[in-house]
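Protein chains: 2
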Amino acid sequence: MRILDIREISVPLRSSMRNAVFDFSEMTTSVVAVLTDLRRNNQPVIGFSFNSTGRYACGDVMRKRMIPRLCEADPQSLQDPVTGLLDPAAALACMMKREKPAGHTERSIAVGTIELAIWDALAKAQDLPLHVVLANRYNGGRYLDKVPCYVGGGWYAPGKGLEHLEGEIRQRLDEGYTTMKIKVGGASLSEDIARLETAIKVLGSSERLAVDANAGLDRNRSWEYAKALSPYGLRWFEEATDPLDFKLMSELAGEYPHALATGENLFSTQDVRNLLLYGGLRAGQDILQVDIPQSYGIVQFTKTLNVLQEHSWSKHQIFPHAGNLMTLSAVAGFGLGGCEAYPGVFGPFAGFTDDAKIEDGMLSISQRPGVGFEGQNALFEIMCKIF
Amino acid sequence: MRILDIREISVPLRSSMRNAVFDFSEMTTSVVAVLTDLRRNNQPVIGFSFNSTGRYACGDVMRKRMIPRLCEADPQSLQDPVTGLLDPAAALACMMKREKPAGHTERSIAVGTIELAIWDALAKAQDLPLHVVLANRYNGGRYLDKVPCYVGGGWYAPGKGLEHLEGEIRQRLDEGYTTMKIKVGGASLSEDIARLETAIKVLGSSERLAVDANAGLDRNRSWEYAKALSPYGLRWFEEATDPLDFKLMSELAGEYPHALATGENLFSTQDVRNLLLYGGLRAGQDILQVDIPQSYGIVQFTKTLNVLQEHSWSKHQIFPHAGNLMTLSAVAGFGLGGCEAYPGVFGPFAGFTDDAKIEDGMLSISQRPGVGFEGQNALFEIMCKIF
Numbered sequence: 005m006r007i008l009d010i011r012e013i014s015v016p017l018r019s020s021m022r023n024a025v026f027d028f029s030e031m032t033t034s035v036v037a038v039l040t041d042l043r044r045n046n047q048p049v050i051g052f053s054f055n056s057t058g059r060y061a062c063g064d065v066m067r068k069r070m071i072p073r074l075c076e077a078d079p080q081s082l083q084d085p086v087t088g089l090l091d092p093a094a095a096l097a098c099m100m101k102r103e104k105p106a107g108h109t110e111r112s113i114a115v116g117t118i119e120l121a122i123w124d125a126l127a128k129a130q131d132l133p134l135h136v137v138l139a140n141r142y143n144g145g146r147y148l149d150k151v152p153c154y155v156g157g158g159w160y161a162p163g164k165g166l167e168h169l170e171g172e173i174r175q176r177l178d179e180g181y182t183t184m185k186i187k188v189g190g191a192s193l194s195e196d197i198a199r200l201e202t203a204i205k206v207l208g209s210s211e212r213l214a215v216d217a218n219a220g221l222d223r224n225r226s227w228e229y230a231k232a233l234s235p236y237g238l239r240w241f242e243e244a245t246d247p248l249d250f251k252l253m254s255e256l257a258g259e260y261p262h263a264l265a266t267g268e269n270l271f272s273t274q275d276v277r278n279l280l281l282y283g284g285l286r287a288g289q290d291i292l293q294v295d296i297p298q299s300y301g302i303v304q305f306t307k308t309l310n311v312l313q314e315h316s317w318s319k320h321q322i323f324p325h326a327g328n329l330m331t332l333s334a335v336a337g338f339g340l341g342g343c344e345a346y347p348g349v350f351g352p353f354a355g356f357t358d359d360a361k362i363e364d365g366m367l368s369i370s371q372r373p374g375v376g377f378e379g380q381n382a383l384f385e386i387m388c389k390i391f
Numbered sequence: 005m006r007i008l009d010i011r012e013i014s015v016p017l018r019s020s021m022r023n024a025v026f027d028f029s030e031m032t033t034s035v036v037a038v039l040t041d042l043r044r045n046n047q048p049v050i051g052f053s054f055n056s057t058g059r060y061a062c063g064d065v066m067r068k069r070m071i072p073r074l075c076e077a078d079p080q081s082l083q084d085p086v087t088g089l090l091d092p093a094a095a096l097a098c099m100m101k102r103e104k105p106a107g108h109t110e111r112s113i114a115v116g117t118i119e120l121a122i123w124d125a126l127a128k129a130q131d132l133p134l135h136v137v138l139a140n141r142y143n144g145g146r147y148l149d150k151v152p153c154y155v156g157g158g159w160y161a162p163g164k165g166l167e168h169l170e171g172e173i174r175q176r177l178d179e180g181y182t183t184m185k186i187k188v189g190g191a192s193l194s195e196d197i198a199r200l201e202t203a204i205k206v207l208g209s210s211e212r213l214a215v216d217a218n219a220g221l222d223r224n225r226s227w228e229y230a231k232a233l234s235p236y237g238l239r240w241f242e243e244a245t246d247p248l249d250f251k252l253m254s255e256l257a258g259e260y261p262h263a264l265a266t267g268e269n270l271f272s273t274q275d276v277r278n279l280l281l282y283g284g285l286r287a288g289q290d291i292l293q294v295d296i297p298q299s300y301g302i303v304q305f306t307k308t309l310n311v312l313q314e315h316s317w318s319k320h321q322i323f324p325h326a327g328n329l330m331t332l333s334a335v336a337g338f339g340l341g342g343c344e345a346y347p348g349v350f351g352p353f354a355g356f357t358d359d360a361k362i363e364d365g366m367l368s369i370s371q372r373p374g375v376g377f378e379g380q381n382a383l384f385e386i387m388c389k390i391f
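Here the protein sequences line up with chains A and B, keeping their order. Using our numbering, you'd call the opening residue of the first sequence number 5 and step up by one each time. Using our numbering, you'd call the opening residue of the second sequence number 5 and step up by one each time.
Quick caveat, the hints were computed from the structure, so don't treat them as lab data. Don't take every hint at face value.
The list makes no distinction among identical chains, and a pair is therefore deemed to hold if it is satisfied within one copy or across any two copies.
Straight-line Cα separation of at most 20 Å, EDC-like style, residue types lysine to aspartate or glutamate; simulated pairs [said to hold, decoys possible]:
| id | residue 1 | residue 2 |
| --- | --- | --- |
| 1 | LYS307 | ASP222 |
| 2 | LYS150 | ASP359 |
| 3 | LYS205 | ASP84 |
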């Protein structure tokens, strides 16, 4: 199995959403296709991916460095010697040639997005869903049939009042979600507390509500929010600090009695290790949310899993960032804690297959070969334009 | 003073150099020009910069996000209200709009390179060398007339033996340098020790030799090198660990009796803060080597300086990464410890003005307005092609 060509297109997101620190009006996403020499059902096997949520398109890094390295490599050097199929670990090593240590985010998103597309191609070559391939390789064949899935929302918008928030949450409950995450930190503390109390009332339990400050609070406000949120017993309090401020995180973890969550803005295994060493998080309680395609992909994620294990973390404490099919495949294949959903928020770049069902907070998994993008029509239409 | 246009070109480095972890054969550099509406001597005032050493060109990030944000901003919002000149702090804030927290390196190099070009334009508008502008603004008007400058070398090359290393060092001494840094970790420990002993013999003192492992040693080899180097009393031992492995750095600092150096691969103030909190470095002894254009530029560097001060570090312990005029201006203007030189290694992207003199390890400073690129002909020729 050989890579014949890799292409990238950058697609604007056109989202009007806003959280505590930034809006998405300029956001773009890299969509990637890896064309291979294999054929299946008279069609070439093509692996697809995109660069997840919240980081800009990175096609230039792909085109200037990662794609030439892969396309100019000896094809055998990228193959599993036993199966002759593409070896994602070899592809990762090839892409990392001539890359300086650290400075991860300058390339981790480009590398991870291409790596995910290679996994999609590899799973299609085996005619298996990606979560089954991952389960077979890394999890003793065990995968989740249904995945716990919470829904994100509660974004800020001009004129959006408590009654709108209440309506939004009721709609999500009607759709089959049971747990919801809303934004905090983009309004005054008292307004946010009113929003939170509204949300708890509609959801029926504070354990069904998580809140997300998107790293937008300064030290004083972090503490204010941690103290104010403490009595509520929320599912979790997400990104209460700057993502790299392990000291403040550790101080908060010493006081805040319920789960803290972070990790979507850590892009390397070493950053996660530092979070575990210095962030004071509690192995049985707190939540890690790395974004797999943005942090070098699945092979690197297995190394992050090893580090978590060394620190006595259970993989059930991992809720990877970004509500998309790539994340869902990883959650199901590795048996992680669960995933998030952002229906309707990031256009075609959020959500799952069109036939996916959410019932009682559990999301059904596509049994299509690969990641399953072929079952997500609006997104797959974009992907089909690449070749 | 307004920005009329900003342009970037990517230039291949064509260097055959190799350190312990990677070679520079694919390396490119972004060269930036900021065109302003001011005129001086009948010429438009244009600020120039490039993205320092060792990280790839990043023009796509500039063109897609940073340049449009600056060029579409209300010009008054980028001006110092008192002088009407460009305000680099305002430019930094403008470029950081709609940027997600952390994930620094994805944009810190693009932002910092443009910020440096704005400083070049600002200093030219005042008809002052940049180091004088920096001294006036940040250092009570005090700047260095001459800057301590060591020379980097001792790269690995096929067939390069001890006699070549000896010749290389003699040449540098003849040129006026007194202190040299050579690579380690790209050969066996015994070969490296032989290289080091050769270098000390030629330099006349181990205090005149620093060594650089370029973060290429694993944990075991870090320890082997730290133990083997301990007796020599070198000027410093650089990047003995992964740049983000603060735990190993802290363990080494507890045992290695002489100066350790690191920082060229930390790109945010928060990463430096974590290094100081967890890396075990010793305020009066160890060396910090951030790369200013690669880590958001000079305004952000002043915040890093504040963090260093909070941790009782002297600015004399800072030897910023990269031997170029931008670094030299910062070292002279802030009164930092010194700078490095890599004559002939990175083509036109290393070195200082053509009339710069190195005598007894001290480098003379250009008195040209701005950074002084106009005095570095091979580089300035490239810059002149932008507009």
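Results of checking the hints against the structure:
Taking CA atoms no more than 20 Å apart as the test, LYS307 paired with ASP222 passes between copies only; the shortest distance there is 16 Å, against 32 Å inside one copy. For a Cα distance limit of 20 Å, the shortest separation of LYS150 from ASP359 inside one copy, 14 Å, qualifies, whereas the shortest one across copies, 70 Å, does not. In this assembly of identical chains, the alpha carbons of LYS205 and ASP84 never lie at most 20 Å apart, being 54 Å within a copy and 50 Å across copies at closest.
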